[in-house]
Each structure stands twice: as C-alpha cells, then as structure tokens.
Amino acid sequence: MINLTWLTFLPLVGAAAVLMTPKAAVQAQRMIALAATLAVAVMGVMLYRDFNAAIVGAQQVISVPWFEIRNGQDPLAINYKLGVDGISLLMVALTSLLMPIVILSTWGHIEKRVKEFMVWMLVMETGMLGVFLSLDLVLFYFFWEISLVPLYFMVGIWGGERRIYATIKFFLYTLAGSLVMLVAVIAMLYQFNTSDIGALTEMAAFLSPKTQSWLFAGFAIAFAIKVPVIPFHTWLADAHTEAPTAGSVVLAGVLLKMGTYGLLRFCIAMFPAAAVQWAPLFMVLGAVGIVYGALISMAQNDLKRLVACSSVSHLGYVILGMFALTSAGLQGGVLQMVSHGMSTGMLFLLVGMIYERRHTRALDEFGGLAQSMPLFALFLVIAVLSSAALPGLNGFIGEYLILSGAFLANQWLAVVGVLGVIFGSIYLLMATRKVLFGPITKRANREIADLNLREVALLLPIVVFIFWIGISPTPFLAQSQPAIDSIVRRCDEARALKFASLAPEPSESSAPGDKSSNR
Amino acid sequence: MNPQAQAISTLFDDNALRAMGPLFALTAGALLVLLAGIIPALRAARHLFVAATLIATLITQIGILRAPIGAVLENTYVADRTSALWGILFVAATLLAWLFSVHYYREDRPFQGEHDFLMLVTPLGMTLMAGAQDLMVFFIGLEVLSIPLYALAAFRRNNARSIEAGLKYFLLGAFAAAFFLYGAGLIYMATGSVTFADLSGTQSSSPVFVAGVALVMASVFFKVSVFPFHLWVPDVYEGSPTPVTALMATGTKAAAFAFLLNAAFLIPVSQAALIVAIAVITMAIGNLGALVQKDVKRMLAYSGIAHAGTILLVVAAYLRGALMREAAVDAALFYLGAYVFTAAGAFGLLAALERDGEDTTTFESLKGLASRRPLVAAAMSLFMLSLGGIPATGGFLGKWFVFSVSYRSGFVVATIIGALLSVVGMGYYLRVIVAMYMQPEGKATSSPHGQAPALPMAFATAICVAFVIAMGVLPNLFLDHLP
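In the order they appear, the protein sequences are chains A and B.
Mapping to our numbering: the first sequence position 182 is 550, numbers consecutive.
Mapping to our numbering: the second sequence position 444 is 1142, numbers consecutive.
Chain A with its partners taken away, still in its complex shape (with noise of 0.2 Å):
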C-alpha cells in the first residue's frame, strides 16, 4: 500500500530539506532534490504495480474532512480526498518517472542560484501530483493553479532573453482560463453542494444538455489553454523557447498533460452530454492543430522551437482520439499523453545538450553531427523516430488507436490526421538530417564532445519504456481500459439520449437538478 499522501507531498518535504542547506552546497541541494524524486518515482512504481486493474473507481482512497463552507441548513463540506484510478495511474507514474530524470540533468545547465531551482522542481511535482490525485473539485483547482507558480519563476529567472515576456504570458494566459474555470467550479458546488469529483460525475450526467453546455465551456477554456489547443498555442512556443530545459521538459512532459487530463476527467467524464455536443468542434480543432503545428515546425530554424511546435501537432492528435469518444480514441488519447512525454521530453533534453555544448540552437549552425557524437546521434535518431511513430517504438501505438478511433468517428477528419503523421516524419527527419548527417561545415561540431556517463544514463530509461510500450502496450493500455470504458458507456447514453429526444419534438426536460430551478 502506498499511502498517496506521502507521495503527493514528499517532493515538499524535499523542497524544505533543500531550503535548510546553505546557499553555497549546490552539489548537496542536487543530491536531496534526486534523493526525494527518486523516492517519489519509486513509490510511483509500486502504486502501479498495486494497482488493481479490475475496479473501476477510485482506489487508495484518502479522505479527510478540510473546511466546511456555511451554505442555509446543510454546510458544504471541502475534504481532502485523493486517490488513483487508471488514467491518473498513467499520469502519476510518468511524473514520478520522468522527475528525477529532469533533476539529473540538470547539473549541466542549471549553475546560477541552484538551491531556488531545486526548490521550485520539488513544489511544482507536488502541485503536478496533486491535480492527477485530486478527487476533490476544490483541491483539484487548490493543486491547478499552484502548479502555475514554479514555472513561472523557473522561466522567468533561469530562462532566455525574452522570458519575462514569455513566463508572463504563460501565466496570464493559464490563469485567465484558470478563472473562468473557477466560476464553473462554484456553480457545480452550488449546484450540488458537494465537492467530491465521483459524486458531482454521477449527478452532473443529469443535467440539462443546455447546463451542461455552460458547464462544459467553462472547464474546456481552461483545459484548452493549458493543452493547448490551437486558438490559445500562441504562449506555449515562447514559453518553451525560453524556458530552461528542465522547464521545458517539465512543461511538455507533464504540466501540458494537466490540460488533456482535465478534458478527460472533467469535460468528457462530467458532461457527456455536452461532449457529444462539442465533439465535432474539438475534433476539427485537433485536426486543425496536428496539420497547422507541423506546418509551422517545418519553419522553424530553432531546434528547440521547433520541437515546441511539434508539441502542438502531438497533443492535436490527443485531442482529435479523445473526441472521437471510442473506445480506442480514448486509449490511443491516454497513451499519446504519456508517448509525448517520453519522446518530447527526451528531444528538449538533446537539444539542452548540444545547446550546453554549442550555445545555439540554430538548425543552420550545425551538421555531421553523427561523426563527431555518434551516441547523441543514436539518442536522437531514436527520440525522433518514437515522435515520428515508427512501428515499434511508442509513438505508433498511441496514434495508430487515435486514428482509428477517429476513423470511427469521422473519416475525413482522420484522414487529415493521417496527413499530419506524413507532415510530421518530414519535419522530424529534415531537421535530423540539417543536424546529424551531411559534412561537418563548422569547427566547432568537430570538436563538440559526445554525451557523458550521466547524459546517458538519465537517457537510458526513456529509451527503455520507449521500446517498451511500443513493442509491448498491453500493460500500459489494460490498467485505463475499465475507467476508459465507463467514459465510453456514458457519451454512448448520452448520445443515445439526444438521438431519442432529437426524434420526438425536443421539449424543455427539466432534470432533477436543474439550474433554473434553483434560482
């Protein structure tokens, strides 16, 4: 058993130890920040083990009553209730794994006030692991939004020229959809008096389509924001342009995760009805997304710009299978989001390592690479191939479901994602040429020193679940196939509902819970 407490706020428990230390022991602050993630990726791993894949609610449950809210005769009762089931699973053990990576390697770009860095890594796994725990609304938003604190000083203090600019536009943007998000918050709270995320999932389906349309907006602005999806992608190059490249590891790995989470287990799983609704509308958005990402990477001179912007290609295919709402949208969807996270996250960390070694991350400045740092040039070969889904390696497994699912759903739009994976290898490989391959044209890639002991050792293990779960899905699918299948069963009665109603004049069904009633 593992208590979610204790993984949920070890990392703070290391952020204080970090904060004893004295200023000038950079190498001991390093040492308690990989100490407390690594124990936290421990623990990741045997909640995954002790997971029982057979329930389909929430397992490991905590709950403790927090504060009650005064509300006429019976108070409003805020706890603090965490607990796992099979799509949060995936995302808590992704975090917990790719953390202690992002710690390492930070030795070699982080030298300028350590001790602060390691402090905001520490409270941002916190916050991150709090939003996938969180089985109460309102600790759930407590986590969302502290989550958006560390970054912003991570970009803004460690980050490149632009990154006051860009860290406050990445906070201004996340919290104004953060916002909007809190007023649906109150208004389910009101609606229901409780907070409890399985109890309002269960009565929200009630709702009027109409209130649940409302509802629905008012989480997806958030989500969408944060994912992003394709109107609202404009902070999220220039946060990941600047951003140090823990930052950006951290950003594309996880915290964007926090967005498709959030439409998963808020938007779809809370207003079916609202979802088939908008369904269309989010598809196309995705489609639009995978095609208008790749198209701008295949723009782009700066390495590491470019792998931003491939991000919102990725996450539009996790958009497009998630909105298909099948079976296999949906998996394909949760396996993208943590495929992203390991084949993203591993190219933002080769390009920290030749921007470490180089100072530039511009595609013109580099070529023939692959003579003078064969390993970087294997590491990298393997990165782009797995974001290219290739057969084999991870990134297939996920959107080869997404497009079929899609394909169920809407062809046309599965087509265009298909184009997209085209798109994708052709960027994806032009710029791998512009990198590795040719003749050596500057001095400086002749004597660029390959990947150290430590640069490959934190590799290693994104390149092990690389192959892993493209050769082998079936125990990364099969613990979020019940919690995916129940999502599945209630846009199928929701959908089954509107089709029923849409045939007989549509007339103005007042639902138990009603908002008009409570006026």
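Just so you know, these hints were derived from the structure itself, not from any lab.
Careful, some of the hints might be misleading.
Here are the in silico distance ranges between beta carbons for each label pair [to be verified]:
| # | chain 1 | residue 1 | chain 2 | residue 2 | range |
| --- | --- | --- | --- | --- | --- |
| 1 | A | A392 | B | E1024 | 49 to 57 Å |
| 2 | B | A975 | A | A868 | 40 to 48 Å |
| 3 | A | V381 | B | R1070 | 22 to 30 Å |
| 4 | A | K866 | B | P1181 | 43 to 51 Å |
| 5 | A | E570 | B | V967 | 35 to 43 Å |
| 6 | A | P599 | B | A872 | 52 to 60 Å |
| 7 | A | V432 | B | P1181 | 25 to 33 Å |
| 8 | A | L746 | B | R1070 | 43 to 51 Å |
| 9 | A | L649 | B | A975 | 31 to 39 Å |
Beta carbons: idealized from backbone N, C-alpha and C, even for Gly.
Dock chain B against the given chain A, drawing on the hints supplied.
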C-alpha cells in the same frame, strides 16, 4: 437617587458596560500612551502601553465573541459575534501598522508619542463604526477614525507629499462628512428616526428618504474608495507615511464595509443592479489603473480600489434576501481578514525598505531585491500572490467566497468579469515579483535596501505570513468562528 441618575444607570447596565469594554480599553490605553509621551519617566514604557492596550482590547473582544451581548444603549450599538470579529480585525490592523511604524520615522521621532496616540484612537473609531446601529453613532465613529488619520497622513511634516496627502484627505473627508450629515438629516426628516431598529420597519420611498440614503452611501463609498469616489486614493496613499497607508488601506476599509453591510438594508432592493454596476466599474478602474503605475505604493493603492470593488459585490448580494445575508457577511469577513494581513504585510515591507534609504518605492528600486534580502522578497512574493488570489493563500479563498456569493446571487456576468479582471490584477502583482527575482539590480539605486528590517517589522511580517498561509491552507481554523 434622582430620576436622571436612574435613567443613566439603566442605560449603562452591566451588558452595556461589557459591550463597551473594547471602547473603554482603547480610550484608556490611548490616553495613557499620550500621557507617557509627556512624562519623561514613562516615556520608555510607551511601547509597552500600546501593546498592552491592544491586547486588552483583543481580550474584551474575544469575550464578546464567546458570549455575544446584542443591542445595547437603546439599540444604538451592538456587540455580537460579527462586531467582535470586525473588532478583532481592527486590532490586528492597528497592531500591524503600529509595529511597522516603530522604526519607520527618522526626522519626526520626537513626536512618536503623539503618533502612537493617534494610531490607537483609530481602532476606537473603527469599532464604533462596525457596531453602530444608529447613523449618529456611526458618524461619531467615522470622525473618531478620520481626524487622527488626517493628522497621521500629514505626519511627516518635512515632506511636501505627506502634507499634500493630509490636506487632500482632510478636505475630501470633510466633504464626505458633510454629505453624511446632510443625508442623515434627510432620513430623519422622512422617517423621524436615525436608529436602524426604527428604520428597518419603514419602507419609505419618498424622494427625501431616497436622497438621504444616497448621500449617506456616497459618504461611505468615499471611505471604502469605490467609483466614483475613489480619486483621492492614489495620491493620499502615496503621500502618507507607509505604515499609515497600511492602516488606511486595511482598517478603514474594513470598518466602512462593516457598516455598509449593517446599513445595506437602507438601499432599495431594486438598486442591487446599480451596486453591481458600481462594483464592476470599480474593479475595472482599479485593475487597469494599477497596471500602468511605476510606483509600487501607488500600484497597491489602485489594487486597493479593485479589491473594494470586489467586496462591493458582496454588499449587492446582501440585498438579495435573507438567504444570502449569512453567506455575504462570511465572505466579507474572510476576504477582508485575508486582505488585512496581506495588504498590511505588503505596505509594511515597503515601509521596511524605505526607512533610512531613499523614499522611493518604485519598481526600479525593487530590482534584484531577492539577492539582497531573500526573506523580504519571499514574503513580498507571498503577499502579491495572495492579493492576486493564488491558492494556498488567504487571498484565494477570500476571492472564491466572494465570487461564490456573487454567483449565487445571480450576478453571473459580473462574476465572470470580476474573475477576468483579476487576471489583469495578477499582471501587475507579477511585475513586483519580476522586479525582485528576475531583473538585475538597477543602476539608479545605490542599493538603499541593504539593511535587514528592524525587529518589530520582522515580527509583524512574520504574523502576516503566518496568517496569509494559515487562512489559505487551514481555513477551518477561521471559518469555524464566523458568526
């Protein structure tokens, strides 16, 4: 015993005396402090007297909180759980402002005795305002609060801006007082009473009564600084000595809102939409105005306007019937409670940075503060995040409660606008953090902010930090005590 004495002794029965305990404690303490300033032998004990007065007031208020008394003095003054909680908040605001002021003044140190006296009189006025059940009692409270503040605003006599602040505050305050008296007169003319107990029964809609209420409300709106009576705020806040600004921003605002909630029943229910509109305009003006400021103190002044607009939503909700009243008072108390500790902390830290250095509180002067004074910068960041309403701070829950009340009262659009305006708000709070953490030290400042805050200031900051976090993480500790 003659009949007059008899009447007085029945008026001031045991309950009335107990209800007035905090007022007595403050009066006696303030006079003692004034005396201590004159008598050389007692001068050293002055600080002790101030602290003892505030603690005695706190104890009497906690006594009232435990065993509420209700209306006394022929229903003109009330001492219940709500008024006790407001009273405790005023004690906290005064204590914090005073702690930040102890080492603040340089040239005017000889007059510190008078300063402390004036500061101790202000919570007396605030307590009267919050407990007033009668327009005249409120007016006395208002003046007892305002007159010391006029003097305190101009307390740095060698500083032209401080004099300007005092004069401006005084002139506009005098206007507001005149408005109030005229309005109270009109209400008396229409109804024949100025006591709430009598007024709540009459549903007068005569033009005289309505005009009277409008004038009274205008005067209170001036004190809480909402549109269109907010124009004095930036200049006065900027020019006043920073600890005094802290007191004005927290204590005065809380007291005026306490009264506003008590007197909200005077506003016709049909005017709730008007109040909501004023609230939204105030939030917009405050947040957009703060965005372009170069001076942090001025920025916080505008932010204070924005916060006043936010709480005004609660006042509008109060008009929406008995169901919302309890929630409205809860939300106002929690929001202002968090705001007292947050804003006092923020202004206080500015005071700590100003003292002995240059009198600048610009963003420029904050640059690189994190490397010079990491703890000050960390505390300041916490206050900024709380003002912006980021979770794990009291500011977040306050904002949440206020928006909940506003949403449930049916002001959905206003709630969404308020939420989006608070994103704008976060924009300028973030600038403070940017300056402290993300920008290198400016050339203009020859590092005036090198010294550590003096002990009382550090202590006050620690109190603020503790409360801001506790209110954000363990709100049950506070929610359980709500009336």
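To see whether the hints hold, each was checked on the structure:
1. For the pair A392 of chain A and E1024 of chain B, the supplied restraint of 49 to 57 Å holds, since their beta-carbon distance comes to about 55 Å.
2. The hinted range of 40 to 48 Å is satisfied by A975 of chain B and A868 of chain A, whose Cβ atoms lie roughly 44 Å apart.
3. Take V381 of chain A and R1070 of chain B: their Cβ atoms lie about 29 Å apart, and the range 22 to 30 Å holds.
4. A hinted range of 43 to 51 Å holds for the C-beta pair K866 of chain A and P1181 of chain B, which are about 47 Å apart.
5. Distance hint for E570 of chain A and V967 of chain B: a CB-CB separation of about 38 Å, consistent with the stated range 35 to 43 Å.
6. Between P599 of chain A and A872 of chain B, the C-beta spacing of about 53 Å keeps the proposed range 52 to 60 Å intact.
7. A beta carbon spacing of about 26 Å between V432 of chain A and P1181 of chain B agrees with the range 25 to 33 Å that was offered as a hint.
8. Taking 43 to 51 Å as the suggested C-beta distance range, the pair L746 of chain A and R1070 of chain B conforms, at roughly 47 Å.
9. At roughly 34 Å, the beta-carbon separation of L649 of chain A and A975 of chain B lies within the given 31 to 39 Å, and the hint holds.
The structure agrees with every numbered hint stated previously.
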